[in-house]
Amino acid sequence: MKITTPNGILEGENIEAILKEHGLNCLRDADLSCADLHDANLRGANLSCADLSCANLRGANLYGANLRGANLRGADLYGADLYGANLRGANLRGANLYGDNLYGANLSCANLSCADLYGANLYGANLSCANLSELTIAQTSIIPDDGDIIGWKKTYADNKTPIIVKLLIPADAQRSNGTGRKCRASKARVLDLQDMQGNSLPPDTTAYSGHDTDFTYKKGETVSVADFDTNRWNECASGIHFFITRIEAAEY
Numbered sequence: 006m007k008i009t010t011p012n013g014i015l016e017g018e019n020i021e022a023i024l025k026e027h028g029l030n031c032l033r034d035a036d037l038s039c040a041d042l043h044d045a046n047l048r049g050a051n052l053s054c055a056d057l058s059c060a061n062l063r064g065a066n067l068y069g070a071n072l073r074g075a076n077l078r079g080a081d082l083y084g085a086d087l088y089g090a091n092l093r094g095a096n097l098r099g100a101n102l103y104g105d106n107l108y109g110a111n112l113s114c115a116n117l118s119c120a121d122l123y124g125a126n127l128y129g130a131n132l133s134c135a136n137l138s139e140l141t142i143a144q145t146s147i148i149p150d151d152g153d154i155i156g157w158k159k160t161y162a163d164n165k166t167p168i169i170v171k172l173l174i175p176a177d178a179q180r181s182n183g184t185g186r187k188c189r190a191s192k193a194r195v196l197d198l199q200d201m202q203g204n205s206l207p208p209d210t211t212a213y214s215g216h217d218t219d220f221t222y223k224k225g226e227t228v229s230v231a232d233f234d235t236n237r238w239n240e241c242a243s244g245i246h247f248f249i250t251r252i253e254a255a256e257y
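In the numbering used here, each residue's number is its place in the sequence shown (first place is 1) plus 5.
Worth flagging that the hints you see were computed from the coordinates, not collected in a lab. Bear in mind that the values here come from a model prediction, so they are computed numbers and not experimental data. All residues carry an ideal CB built from backbone N, CA and C; glycine is no exception. Among the clues, some could well be false.
In silico DSS-like pairs for lysine-lysine, Cα to Cα no more than 30 angstroms straight-line [as the list claims (entries may be wrong)]:
#1 192 with 165
#2 224 with 192
#3 223 with 192
#4 224 with 165
#5 165 with 187
#6 223 with 165
#7 223 with 187
#8 7 with 25
#9 224 with 187
Now the in silico label distances, taken between C-beta atoms and shown as ranges [to be verified]:
#10 250 with 179: 45 to 53 angstroms
#11 140 with 165: 42 to 50 angstroms
#12 203 with 134: 35 to 43 angstroms
#13 133 with 41: 28 to 36 angstroms
The task is simple: from the sequences and hints, build the whole structure.
Structure follows, in structure tokens:
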């Protein structure tokens with residue numbers, strides 16, 4: 006295998022051999038366009054500003070790799086492991102990211118237009134300022150844009166006993182999810198307060214937010230926030246946080 010880099014042509018039996026001989030930084034600005042790198046071990050490699058357009062990276066190990074500013078236009082990354090990878094400003098237009106592990110990856114300012122993110126794990130990923138197509142946005146959303154939603158939230162009694170709150174997110178409420186399973190809404194109606202086993206608690210029970218004890222939940226009341234953050238990627242921003250399944254709320 007031969008790879009053209011700013012420091013000359015690097016040769017080796019495969020890309021792993023080249024990295025072993027020349028170090029993890031040897032592929033910065035390298036020309037790897039259309040390269041066959043399927044199942045390659047590129048863990049921790051510095052591929053910043055490299056040309057990986059149309060490259061075959063199916064199943065590649067890119068755990069913690071530096072791909073900042075890399076050109077991955079049209080690259081096939083099906084099933085690749087990009088856990089914690091730095092893809093800030095990378096061009097991923099039309100890339101196949103189907104089923105990829107992008108847990109904790111930095112995708113800020115990346116071009117993801119026309120990219121396929123179906124089934125990708127984006128938990129904790131940074132997508133701020135990223136260029137996303139409507140399809141990509143839909144593929145990363147787990148809640149409907151309209152209609153009522155049932156949500157679940159873990160709160161606490163004044164003695165710190167966990168209480169599960171069943172919420173109705175009304176159709177006119179703003180709602181979003183980031184890259185994980187946690188969702189946010191601008192308002193919600195409290196349908197029920199339950200113990201961890203699912204038994205309804207007395208109607209006069211008060212539940213307290215684990216984040217702000219001044220924020221309370223009582224059956225039949227509607228709670229709201231005035232400063233709801235409309236940026237969906239700010240997962241921990243202001244809003245009523247909830248999950249769409251009870252078990253996730255209970256285990257949170």
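- Message: Check the hint pairing residue 224 with residue 165 against an upper bound of 30 angstroms on the C-alpha distance.
- Response: holds, 18 angstroms
- Task: Measure nothing beyond the straight line between the CA atoms of residue 224 and residue 192; if it is 30 angstroms or shorter, mark the hint as holding.
- Result: Holds: residue 224 and residue 192 sit about 14 angstroms apart, inside 30 angstroms.
- Item | residue 203 versus residue 134 beta-carbon gap, inside 35 to 43 angstroms or not | holds, 42 angstroms
- Query: Taking the CB of residue 140 and the CB of residue 165, does the distance hold inside 42 to 50 angstroms?
  - Reply: holds, 44 angstroms
- Query: When you check the alpha-carbon spacing of residue 7 and residue 25, does it fall within 30 angstroms?
  - Reply: Distance of about 14 angstroms is within 30 angstroms: holds.
- Item | Distance restraint between residue 192 and residue 165, which requires alpha-carbon spacing of 30 angstroms or less | holds, 24 angstroms
- For the pair we were handed, residue 223 and residue 192, check the Cα-Cα distance against 30 angstroms. Holds - the C-alpha atoms of residue 192 and residue 223 are around 14 angstroms apart, at most 30 angstroms.
- Item | Verdict for residue 133, residue 41 (Cβ pair) under range 28 to 36 angstroms | holds, 33 angstroms
- Message: Would the hint linking residue 223 and residue 187 be met if the CA-CA limit is 30 angstroms?
- Response: Holds, because 22 angstroms separates the two Cα atoms, which is no more than 30 angstroms.
- Within 30 angstroms, alpha carbon to alpha carbon, are residue 223 and residue 165? holds, 16 angstroms
- Within 45 to 53 angstroms or not, the Cβ separation of residue 250 and residue 179? violated, 21 angstroms
- Item | 30 angstroms Cα cutoff - pair residue 224, residue 187 | The hint holds at about 22 angstroms.
Of the numbered hints given earlier, the model fails hint 10 alone.
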